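Number of protein chains: 2
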Amino acid sequence: MRSELARALASVVPPPTVLDDEESLRPFETDAFIMRRALPLLAAIPDSEAQVPGIIRACRERGVPVVTRGAGTGISGGAIPHEQGALLVMARMRNILSVDALARTAVVEPGVRNLAVSEAAAPHGLFYAPDPSSQSVCSIGGNVAENSGGVHCLKYGFTTQNICALRAYDGTGERLDLGSEALDAPGYDLMALMTGSEGNLGVITRITVRLVPLPEATETLLATFPSVRAAAEAVGEIIGAGIIPAALEMMDRIVIDACEQFMGLGFPKDGEALLLVEVDGGREDVDDAFARLRSILETCGAIEIRAANDERERAELWRARKGAFTALANIHPDYYTIDGTIPRRCLADVLDRTVALAKEYGLVVGNVFHAGDGNIHPCIFYDASVPGDLEKSEALGARVLEICIEVGGTITGEHGVGIEKLRQMCQQFRAPEIAAFHAVKHAFDPEGILNPGKAVPTLKRCAEWGGMHVRSGAIPHPEIPRF
Amino acid sequence: MRSELARALASVVPPPTVLDDEESLRPFETDAFIMRRALPLLAAIPDSEAQVPGIIRACRERGVPVVTRGAGTGISGGAIPHEQGALLVMARMRNILSVDALARTAVVEPGVRNLAVSEAAAPHGLFYAPDPSSQSVCSIGGNVAENSGGVHCLKYGFTTQNICALRAYDGTGERLDLGSEALDAPGYDLMALMTGSEGNLGVITRITVRLVPLPEATETLLATFPSVRAAAEAVGEIIGAGIIPAALEMMDRIVIDACEQFMGLGFPKDGEALLLVEVDGGREDVDDAFARLRSILETCGAIEIRAANDERERAELWRARKGAFTALANIHPDYYTIDGTIPRRCLADVLDRTVALAKEYGLVVGNVFHAGDGNIHPCIFYDASVPGDLEKSEALGARVLEICIEVGGTITGEHGVGIEKLRQMCQQFRAPEIAAFHAVKHAFDPEGILNPGKAVPTLKRCAEWGGMHVRSGAIPHPEIPRF
Numbered sequence: 001m002r003s004e005l006a007r008a009l010a011s012v013v014p015p016p017t018v019l020d021d022e023e024s025l026r027p028f029e030t031d032a033f034i035m036r037r038a039l040p041l042l043a044a045i046p047d048s049e050a051q052v053p054g055i056i057r058a059c060r061e062r063g064v065p066v067v068t069r070g071a072g073t074g075i076s077g078g079a080i081p082h083e084q085g086a087l088l089v090m091a092r093m094r095n096i097l098s099v100d101a102l103a104r105t106a107v108v109e110p111g112v113r114n115l116a117v118s119e120a121a122a123p124h125g126l127f128y129a130p131d132p133s134s135q136s137v138c139s140i141g142g143n144v145a146e147n148s149g150g151v152h153c154l155k156y157g158f159t160t161q162n163i164c165a166l167r168a169y170d171g172t173g174e175r176l177d178l179g180s181e182a183l184d185a186p187g188y189d190l191m192a193l194m195t196g197s198e199g200n201l202g203v204i205t206r207i208t209v210r211l212v213p214l215p216e217a218t219e220t221l222l223a224t225f226p227s228v229r230a231a232a233e234a235v236g237e238i239i240g241a242g243i244i245p246a247a248l249e250m251m252d253r254i255v256i257d258a259c260e261q262f263m264g265l266g267f268p269k270d271g272e273a274l275l276l277v278e279v280d281g282g283r284e285d286v287d288d289a290f291a292r293l294r295s296i297l298e299t300c301g302a303i304e305i306r307a308a309n310d311e312r313e314r315a316e317l318w319r320a321r322k323g324a325f326t327a328l329a330n331i332h333p334d335y336y337t338i339d340g341t342i343p344r345r346c347l348a349d350v351l352d353r354t355v356a357l358a359k360e361y362g363l364v365v366g367n368v369f370h371a372g373d374g375n376i377h378p379c380i381f382y383d384a385s386v387p388g389d390l391e392k393s394e395a396l397g398a399r400v401l402e403i404c405i406e407v408g409g410t411i412t413g414e415h416g417v418g419i420e421k422l423r424q425m426c427q428q429f430r431a432p433e434i435a436a437f438h439a440v441k442h443a444f445d446p447e448g449i450l451n452p453g454k455a456v457p458t459l460k461r462c463a464e465w466g467g468m469h470v471r472s473g474a475i476p477h478p479e480i481p482r483f
Numbered sequence: 001m002r003s004e005l006a007r008a009l010a011s012v013v014p015p016p017t018v019l020d021d022e023e024s025l026r027p028f029e030t031d032a033f034i035m036r037r038a039l040p041l042l043a044a045i046p047d048s049e050a051q052v053p054g055i056i057r058a059c060r061e062r063g064v065p066v067v068t069r070g071a072g073t074g075i076s077g078g079a080i081p082h083e084q085g086a087l088l089v090m091a092r093m094r095n096i097l098s099v100d101a102l103a104r105t106a107v108v109e110p111g112v113r114n115l116a117v118s119e120a121a122a123p124h125g126l127f128y129a130p131d132p133s134s135q136s137v138c139s140i141g142g143n144v145a146e147n148s149g150g151v152h153c154l155k156y157g158f159t160t161q162n163i164c165a166l167r168a169y170d171g172t173g174e175r176l177d178l179g180s181e182a183l184d185a186p187g188y189d190l191m192a193l194m195t196g197s198e199g200n201l202g203v204i205t206r207i208t209v210r211l212v213p214l215p216e217a218t219e220t221l222l223a224t225f226p227s228v229r230a231a232a233e234a235v236g237e238i239i240g241a242g243i244i245p246a247a248l249e250m251m252d253r254i255v256i257d258a259c260e261q262f263m264g265l266g267f268p269k270d271g272e273a274l275l276l277v278e279v280d281g282g283r284e285d286v287d288d289a290f291a292r293l294r295s296i297l298e299t300c301g302a303i304e305i306r307a308a309n310d311e312r313e314r315a316e317l318w319r320a321r322k323g324a325f326t327a328l329a330n331i332h333p334d335y336y337t338i339d340g341t342i343p344r345r346c347l348a349d350v351l352d353r354t355v356a357l358a359k360e361y362g363l364v365v366g367n368v369f370h371a372g373d374g375n376i377h378p379c380i381f382y383d384a385s386v387p388g389d390l391e392k393s394e395a396l397g398a399r400v401l402e403i404c405i406e407v408g409g410t411i412t413g414e415h416g417v418g419i420e421k422l423r424q425m426c427q428q429f430r431a432p433e434i435a436a437f438h439a440v441k442h443a444f445d446p447e448g449i450l451n452p453g454k455a456v457p458t459l460k461r462c463a464e465w466g467g468m469h470v471r472s473g474a475i476p477h478p479e480i481p482r483f
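Protein chains in written order, with the numbering used here: chain Z, 1 to 483; chain P, 1 to 483.
Honestly, I wouldn't trust all of these hints.
Note that the list lumps identical chains together, so a pair holds whenever it fits in one copy or between two copies.
Below, simulated SDA-like cross-link-like pairs (lysine to any residue); rule was C-alpha separation at most 20 Å, straight line [stated by the list, open to error]:
# : residue 1 : residue 2
1 : K155      : L102
2 : K322      : F381
3 : K460      : E174
It should be emphasised that the hints constitute simulated quantities derived from the structure, not laboratory data.
A quick note: this is a predicted structure, and the numbers were derived from the prediction, not measured.
Start from the sequences, fold in the hints, and give me the full structure.
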């Protein structure tokens, strides 16, 4: 099949680059969900949109799965190859086709790096708001596929709120132009549907992103708290006061120590939690909000408040936050990052419960996350050389996600389902919703060749796993091992 | 069928109110698209969500279409009854179930009036942003079904950006819980898909809306311009300067005169166009933006600028804008309002072309619209007593929408497709997109009982109309009569 498919792809006009030897394919065997690896039959690398429908059709005619890959920075395994499938690598489609300052839009190819969009918009006083930690390397196409967030999504929204049009090719190779550069579009909102569909409904080849004006002023501060609970309560007070920070991040002692050891930023040595808060907008309003913010933080028991005095200090603060996962990896080589969302009011309770659960499992958990969004990222540390430790970390992670569902949250804020969270989808949703997902998938990809086995579990698998739906209720899950 | 279905509905627990005599049904024969009327078989009026799946199933078992109706204020005919169908009237499901100030959300039933949500949120310093002109009477369920906009959507977004969770029942009566009160939700974004689907994919029974903080300060002004073109150019300058007004509306002389005659507000007597601009936010930033705004308006040739001095004057200005359509109806009893979107940069050109086209057709057009959004609403005046005049106005409207598509815009900004714009859907979209809409519809409503014949035309109808897709190109449409 491999050589037959390679020949068929060679007849696409113009032919895409095709890699089909093991050595060339090795770098593509996983994405940032490194727990799982697979080599595809081959990789097809188009230079332009014109090649995409031909690639899809060649695969479809042969019943060969197509897995689309952006920069491979996804951490739920959405771009892990299918062993019997083609990997469609969008890395070479990286042209910024236009920037329209009046319309505040840019049209880009999927392989364009996230940060490159803001760089291209900067001369017009504009930027592209969603900023995942991986923004210097991750691609816009991948961002759309995963509906990526970032530290500034509290104020500016997710990817889906920051794009206005898409071009995609469905599982039959048909072109779909969705959304509009003008406001709104008629018909069902297939653009929003395609966004976050994890490569299951179409291959995205062109994206019109919204750009927003660079704020006149930005102020950033770091507040130290004696406990995670005190920091979490401060988050509620800030939001309750009507302040909408551009970012509102939390780090606990374990993460602070790791950052300190790795980057030596001179972070406060006492306290159990830090809040990193940024406010942006017009000069006067920022000053006003910043003053109110300080007063709230003090009232909530902050031990120390440090404001960045200039752009350099501000960049240092963000370096710590954006480098936190790398810092953790340096100190604790094996860890498993959970991505769940909860209503903000549950923040302190859920963090406490996570710590208590970790003790029960004999594991340690560090926290660095989007507190303002209620998007938690507990990092569970384990030792891969200890038999059973990985499984224990996964079981603990599953318990944490159950708690997220129980309090009215979700099993993923911004990392996607991929292959990592298929089981949790059965907990998040009831059978009719899972069935609706499959029916929608069928509408775009009748043969199911696009990224099969990712993002949405089959109802059969859910049944095998024990029909685990819970929502705001008690969770009896004997099939998940408890240690 | 009528009496048999009425008996079946009587066995729903608890039974909904059923109206099946002509006199009772007469008030429901049309919505605000009064050009078309039809009496349904019967109307079913549930008091609670529990009755909804039973009503859908009773209809489905008999192959009876279900048309859902909110307040009936839609102006594209989406809620016009089906002669062989049941009308599902949501007017009695009007409980505000909860308001959560910390989460900034409210959970409401579909029959709740738009304005009632903001009234309930006001004690918490919050409001619900989307504000259609009909906000004092239209319902949230209808707003979701149509993805309604309003004068403040320029800054705050459409309905789809202002809700976070939905409960709906699909065409088989299955309950779907979509979205999440926490940030983001996994799986395909069926909540966004349901929003704006015009009653075709499900019956919405519960909506969690987002609330936003009431702004500290609001300033509103009226600027008079010597020409529509000058006003349109000022719109571009305002946006280009990085100001994001809360509202940016335009009215031309014809509409100003009608408002003046109807409401006697003492509007400027000279000038050909007015801009109504509102800025909100923190006190200092509003003052700063307002000063910049005045300076831009002066530079762009404003003849007169009047700022509202207090809340009463501000309310007067908005009374004119929100009452404009009523004022027009008072002066020109017969008119046809077009709803199209265009990129802002095309505003002046498209308005000029509309005036020129109207002359060609021997008709007069007035303009009152969301200029900042590029959402135009030309009102075409005709005389229903003159044979052929209505048809001329419809033909002119169709030409205007073609121009919207040609310049990269869309055939509807906020009023929906309903039955009014089925033909234009064939122009906006190519066959693969229309086919994708139908495939998605099938996923939720396999028998096609939900609002059949609305929102999306069949490919067959598009073919009969001449396969009229145009996008950014010339439009040869011999089948639309030209006068």
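Hints, one by one, checked against the model:
no. : hint          : in the structure
1   : K155 <-> L102 : between (22 Å within a copy, 16 Å between copies)
2   : K322 <-> F381 : within (19 Å within a copy, 59 Å between copies)
3   : K460 <-> E174 : between (30 Å within a copy, 19 Å between copies)
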